[in-house]
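Working from the sequences, and respecting the hints, build out all of it.
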Amino acid sequence: MNWRTELVVYGPGFWIATQLVLLLTVLIILVSWACGLAAALGKLSKITAIRVVSDFYVWFIRGTPTLIQVFIVYFGLPQFGLKLSPFAAGVIALGVNSGAYVAEIIRAGLSAIPKGQMESSLALGISRFETMRRIILPQVFRIIVPPITNEAITALKNTSLLSTITVVELTLFAQTIIATTFRPFEFYIAVAFIYLLLTTILTQLSGWLERRYAAMS
Amino acid sequence: MAAELAHSSEAARSGAGPVLRISDLHKTFGSLEVLKGISIDVMPREVVSIIGASGSGKSTFLRCINMMEMPDRGAMEFESFRFHFQPGAARPAPATLSAVRAKIGMVFQSYNLWPHMTVLENVIEAPMRVRRMSRRDSVIEAEGLLEKIGLIEKRNVYPGRLSGGQQQRVAIVRALAMRPKVMLFDEVTSALDPELVGEVLALMAKLAADGMTMLVVTHEIAFARDVSSRTIFFDRGLIAEDGSPEQVLREPKSDRLRQFLKRILHEDIARPAGSGDQLVKNGRNG
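Chains as they are written, first to last, in the numbering used here: chain A, 1 to 217; chain B, 1001 to 1286.
In short, the hints are calculated from the structure, not lab data.
Here the structure is a predicted model, which is why all the values come from computation and not from measurement.
Worth double-checking, as some hints may not be accurate.
Below, a list of computed lysine-lysine pairs in the DSSO-like style, where the Cα atoms sit at most 30 Å apart [claimed, not checked]:
id, chain 1, residue 1, chain 2, residue 2
1, A, Lys115, B, Lys1262
2, B, Lys1148, B, Lys1103
3, A, Lys46, A, Lys157
4, A, Lys46, B, Lys1103
Covered stretches of chain A (chain B as the covering partner; in silico rule of three or more C-beta atoms under 8 Å from a C-beta of chain B) [to be verified]:
id, stretch
5, 103 to 117
6, 122 to 132
Think of the CB as a built atom: it goes at the ideal place given N, C-alpha and C, for glycine as much as any other residue.
As structure tokens, then:
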């Protein structure tokens, strides 16, 4: 087979696998932002229990291998009657994983906002919630664009771990082809370049956002 | 004064009792008692300058009035609100805090404009969120205020592009947009370059002339003398002297105030030549 025929034979499969990676990444990022924001605010909570849970979450996730977390969710939870599809288990495990890192990024962003920003808003009678939503978080968001993009890139690359729990994303798809073609080098290189293309797009997006925000200040 | 900046007039003209009545206010941070029993009645249209060394409790006192800091003990009356502070007592409900703060404007030393919003957005935010005004009405009011302080052409500019003096004037307008009954100024010119102090003091003087009730923590003795109707000297958490600017500044009763004035006026004169604004110059000559 020459490369043209191979492209025709395997191309559509790669395209579908790539779409799955993108879908996984988007869902994982959404879960991670929700978990990360909750944990970051939880760490600042006045209620001790919420603070302890948030601290434990970040400590546990950052201190254990991502692959083990994926296994716990996919292989471990069914023992307690919680049987998830590989796809759902993957989104939850990697989303919760990434959320711990996002929490730290948001926490650092929050602490970078001068205290006076919140005070001047509260002093006008604006509620604590509205102050967070309108005054503090938009400023935090600008600061954290670069680190949050890095985290999104990590989340994207981590989807390859889901090949171990039978999600047919790029890595597992390539493995199945390699099993019949016996040409690991070409196909893994192909996979690597697809990841590279996706992460480069994310980096560009981040740069564009940064420039846009710089113009708005 | 052609254009009125203050909206405090109605309560003021009724000429009734004090706008703000504070008795025996105490505040402790850790083991440090910062306020040791402050009592003061502030009448409508009164402009009270509060002077004193750093650490004497002036700023803490202002921050207790709008409950940015919760006093430990004492009482406060403002409009229909009555507060009795006691250790262990429940904090006022968030809605009550918001209602009080909405009517007590505060301006800070560090301006604290929101950098991600334009000048206009800074000014309309609170009227829209707290007074529940429509965007349209808020903009009309805000533009009117910006017009009066000569910053209307900056309405779509971000605060980072303004000078410190312009930022502080916008911060004052942002507070005025809530139509406060009382304005608190916490060393609002201390962070400014000397040549920018004048424009901010001039705006405050205009506000005073328009009848706004003001409490002004300041190191600008000239402002205390020329603009305020009453001057208070804070010393170690207590009101040490309280009277007309002439009384307090010209005939200080205590050694501590005399020493304080000497120090402050010395610094004033030691300023680089040409940096003094009109108010300060007047003060030095007169």
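Give me the numbers of the hints this structure contradicts, sorted from smallest to largest.
1 and 3
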